[in-house]
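Protein chains: 2
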Amino acid sequence: MSVNDGGSDFVTRLNEIAASTEDLLDRLLAAAPMPAERARPKRLIESMRYATLGGGKRFRPFLVVESAALFGVPRERSLMAGAALECVHCYSLVHDDLPAMDNDDLRRGRPTAHKAFDEATAILAGDSLLTFAFDIVSRTETHPDPGIRIALVQALARASGLGGMAGGQMLDLAAEGRFAQTPPRLGLAEVEELQAMKTGALLRFGCLSGAIIGEAFQIADDILDVEGDPETVGKATGKDADAHKATAVAVLGVERAKQKLFGLVADAEATLAPFGTRATMLKAAARFVAERRA
Amino acid sequence: MSVNDGGSDFVTRLNEIAASTEDLLDRLLAAAPMPAERARPKRLIESMRYATLGGGKRFRPFLVVESAALFGVPRERSLMAGAALECVHCYSLVHDDLPAMDNDDLRRGRPTAHKAFDEATAILAGDSLLTFAFDIVSRTETHPDPGIRIALVQALARASGLGGMAGGQMLDLAAEGRFAQTPPRLGLAEVEELQAMKTGALLRFGCLSGAIIGEAFQIADDILDVEGDPETVGKATGKDADAHKATAVAVLGVERAKQKLFGLVADAEATLAPFGTRATMLKAAARFVAERRA
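Quick note, the sequences are listed as chains A and B, same order.
Just so we're aligned, residue 1 is where the first sequence starts under my numbering, counting upward by one.
Just so we're aligned, residue 1 is where the second sequence starts under my numbering, counting upward by one.
Hints were generated in silico from the structure; no laboratory data involved.
None of the values given here were measured: they were computed from a predicted structure.
Take these hints with a grain of salt, some might be off.
Said to hold, decoys possible - Each computed DSS-like pair below joins lysine-lysine, with the alpha-carbon atoms no more than 27 Å apart:
#1 A/Lys-42 <-> B/Lys-115
#2 A/Lys-115 <-> B/Lys-198
#3 B/Lys-198 <-> A/Lys-198
#4 A/Lys-115 <-> B/Lys-115
#5 B/Lys-198 <-> B/Lys-115
#6 A/Lys-198 <-> B/Lys-115
#7 B/Lys-258 <-> B/Lys-198
Said to hold, decoys possible - Listed next, the stretches of chain B that the computed footprint assigns to chain A, with coverage defined by at least 3 CB atoms under 8 Å from CB atoms of chain A:
#8 128-137
#9 174-185
For each residue, glycine too, the CB sits at the ideal point set by N, CA and C.
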């Protein structure tokens, strides 16, 4: 792809990744592990398929795949993490649309899940999609190294949970005045924090997961264990060496590990340079990985 | 503890583990990672605490801790996986009690979460507890080996999701006749499968997680990769050797790895012998690990 062609290439790539994501989600849901064929909960699976297939820009899988490509990861591999992230996004739409939440009847021009099925089914479909995301991340197809997979699990859980998307949704409901006679007045900084949690956390996971899959994040982690300030890092440092762990630092030494990390990030930045401001988020992700102190 | 004293020791141990679980859940929720103190979603955290703290037999954490103890794992370590499992159990209670599901107003003599708070908060509290379970499992405190932690993630996701608890709940709603004018007539085998998914899957995870944390499960897995029938195992075998993986089989050879596995399981069975029928479930878990063909 010629990156200088501008918008049309971007759209082509977005559509390509959307089609691959749709295909992968379809296959993953069709092959979901079941204790017995006879006990297959058909209505639940139908509702999960309804909530995930047949549309959507798949912008979050795009972020995963493109940020992983910056670190040289082939698309087949990063699509698994992209599909997991999309499951979390789709679960959040199903639950947000519920009568007790935003009470929406339509989504992308179709009836919302609780309208097409019923409320109980929609609640269970959302729960099962969230759970399925972690099943997907846990598989060797996502990455052969269990250390990388568990880093993805932790990052995805934190992006989705009470300190991320779900917490942001709660703050948003509170800001609407749901739980008080007078809605709280939020300042700009507070609105920004709310949005960063409700919407930003999953987008940020999309960008960061590429660096995790591309192993730049792990190298940065190993360096922090040697050089980090325990106060800033938020945990004891120097533990890897004590445990004789097989880290990049142990194998290469601190200076060469740093060179490798900066090399990976420089490659990422060079790849992004021609995209100008459209790549702002991905550039920020690359810099974040290189410069993190915690 | 003298195992021959019978019931009272069992109750003492159950209560001890319940108290430790309560204490750990309290600390984990109080220290949940937050992007900014100012953005802390207080109502959400309160509702999560309401749903998890202040009661419950903690039978699932008991299964985790006791089954891990069979494999020589100290309680401090297995309590983390126990707390994660309890988060999943408590989320399922909150969602099952919702008006669209079983519509219950009371649970353990207290108002259910959506009565004490509201429906939107209860939905988000359940979602966040499910997510938090995977955050807990992902931490090094659960087990230093990322391979063990990711095996726990996968087993927990499968026990909780569409092929486990959530799928069983869906089948149960269908059996009540929610989605058809005439409820389907279930035979005994179908009722048993429904219950095995809805309730059994989390209990089974409780028993199996001990073997995973105690690493017996990993050894069985390594042996299957060498000796298993790809058809039965459901994936290609012989991949570990091709990838030069550091498995028990690679280090010990197949025969000594088997001896180690059977030794671990025999220790487990000897520990359980004095408990008689009260330990039936844990004995079955130990045998399952030793005899699995897939």
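Hints, verified against the model:
1. A/Lys-42 <-> B/Lys-115: 31 Å, violated
2. A/Lys-115 <-> B/Lys-198: 25 Å, holds
3. B/Lys-198 <-> A/Lys-198: 31 Å, violated
4. A/Lys-115 <-> B/Lys-115: 24 Å, holds
5. B/Lys-198 <-> B/Lys-115: Since the Cα atoms of B/Lys-198 and B/Lys-115 sit roughly 24 Å apart, the hinted pair holds (cutoff 27 Å).
6. A/Lys-198 <-> B/Lys-115: Given that 27 Å is the threshold and the Cα spacing comes to 25 Å, the pair holds.
7. B/Lys-258 <-> B/Lys-198: Not satisfied, since the Cα-Cα distance of roughly 34 Å exceeds 27 Å.
8. 128-137: Per the Cβ count (7), the hint holds.
9. 174-185: holds (count 3)
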